[in-house]
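Build out the structure end to end from the sequences listed, making use of the hints.
Number of protein chains: 2
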Amino acid sequence: MQLLKDKILNEGRYLGNGILKVDSFMNHQIDPVLMRQIGEEIARRFQDQKPTRILTAESSGIAPSLATALVLGVPVVYARKQQPVTMNDGAFRAKSESHTFKKDVELIVSSQYLTKADRILIIDDFLATARTIVALVDLVKESGATLVGIGAVIEKSFEGGREKLVPLGVQVESLARIKSFENDRPEFL
Amino acid sequence: MQLLKDKILNEGRYLGNGILKVDSFMNHQIDPVLMRQIGEEIARRFQDQKPTRILTAESSGIAPSLATALVLGVPVVYARKQQPVTMNDGAFRAKSESHTFKKDVELIVSSQYLTKADRILIIDDFLATARTIVALVDLVKESGATLVGIGAVIEKSFEGGREKLVPLGVQVESLARIKSFENDRPEFL
Numbered sequence: 001m002q003l004l005k006d007k008i009l010n011e012g013r014y015l016g017n018g019i020l021k022v023d024s025f026m027n028h029q030i031d032p033v034l035m036r037q038i039g040e041e042i043a044r045r046f047q048d049q050k051p052t053r054i055l056t057a058e059s060s061g062i063a064p065s066l067a068t069a070l071v072l073g074v075p076v077v078y079a080r081k082q083q084p085v086t087m088n089d090g091a092f093r094a095k096s097e098s099h100t101f102k103k104d105v106e107l108i109v110s111s112q113y114l115t116k117a118d119r120i121l122i123i124d125d126f127l128a129t130a131r132t133i134v135a136l137v138d139l140v141k142e143s144g145a146t147l148v149g150i151g152a153v154i155e156k157s158f159e160g161g162r163e164k165l166v167p168l169g170v171q172v173e174s175l176a177r178i179k180s181f182e183n184d185r186p187e188f189l
Numbered sequence: 001m002q003l004l005k006d007k008i009l010n011e012g013r014y015l016g017n018g019i020l021k022v023d024s025f026m027n028h029q030i031d032p033v034l035m036r037q038i039g040e041e042i043a044r045r046f047q048d049q050k051p052t053r054i055l056t057a058e059s060s061g062i063a064p065s066l067a068t069a070l071v072l073g074v075p076v077v078y079a080r081k082q083q084p085v086t087m088n089d090g091a092f093r094a095k096s097e098s099h100t101f102k103k104d105v106e107l108i109v110s111s112q113y114l115t116k117a118d119r120i121l122i123i124d125d126f127l128a129t130a131r132t133i134v135a136l137v138d139l140v141k142e143s144g145a146t147l148v149g150i151g152a153v154i155e156k157s158f159e160g161g162r163e164k165l166v167p168l169g170v171q172v173e174s175l176a177r178i179k180s181f182e183n184d185r186p187e188f189l
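Residue numbers (my numbering), protein chains in the order written: chain A, 1 to 189; chain B, 1 to 189.
Calculated directly from the structure, the hints in this document are not laboratory data.
It should be emphasised that the depicted structure is a prediction, and the values quoted were computed from it without experimental measurement.
Note that beta-carbon positions come from the ideal geometry of N, C-alpha and C, so glycine has one too.
You can take every hint at face value.
Which residues of chain A face chain B? A partial, calculated answer using Cβ under 10 angstroms: (1) N27; (2) V33; (3) V109.
No more than 27 angstroms apart at the CA atoms, straight line, and that leaves these computed lysine-lysine pairs for BS3-like: (4) K116/B x K7/A; (5) K81/A x K21/B; (6) K7/A x K50/B; (7) K95/A x K81/B; (8) K5/A x K164/A; (9) K7/A x K21/A; (10) K116/A x K7/B; (11) K21/B x K164/B; (12) K5/B x K179/B; (13) K21/A x K95/B; (14) K21/A x K116/B; (15) K21/B x K95/A; (16) K81/B x K7/A; (17) K141/A x K50/A; (18) K21/B x K179/B.
Laid out in structure tokens, this is it:
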């Protein structure tokens, strides 16, 4: 996706240790033109899988997931990292670890929003080590739903996340794949 | 907004103490048809104020803000409740208190995304006691930007939040106003 790559090149900032700051258009401020295109592109790539629900994790996964959901016409469920007082029924839980907050997190989804009949498309902002995505996959497995695909906006292919997802045998897509940083500048695959 | 009121009546659950659970369509699962309409309606009500940015708080404010941003064509900035490692520049901070997590929270926004030249529309999921919204207003004041409006999806008018916002002298809108719960059923204004 050219607009996304241009945004990464022009506005992304490499902070070292594999961390790319994309706060100006995706993870703190959201560019509406870019986000609409992201949703359209993820929807186009997965529409043949006929997902019935999109699963993501708060907070950074919500925008690309909603943009995709508006095109596909299916609901988004976002896993919570803390249990609100309103989440008072049965829930699926999976442990993960946050790259950007440097701590363990638990992802929690109400069991009524992941059912055996569902075909789940997982979406997240980054595919890097895939820790968050693997936790989302665990939630899908626990629910008995069918996982039909995994989509990420930006992939850092040098962190090995995709290799962890290949054994799942589902379609894995990312819209911009960074293979390395050379002089703090991303090189795309 | 009739579709929203119908959703609240059919799917909302009153948990007592003024807490309305809307997890099935807004705060955990997001209904894409409803959320698109919410965005269109908030955009319609505030387009004459010519906002240049939308300000909200993670996580529940992101969906209605993005839906509105897609119509208005302006960026969304969502205040963080924890500082990610990527947020390494100057930031505005304001204290709030979470209804649904029963604890104090700090809202943090990178100072580069709220500027003196901005016309800010604040959007949140609920207008209840207005604690979160008042904290967002504090961030706008700190930045020197101009506040041009405050929009909420659901208002619980019996919690007095609107009264705190009136002195600001800006347009305040909510799409469904609940004046009370009678036998656990919401009564709309």
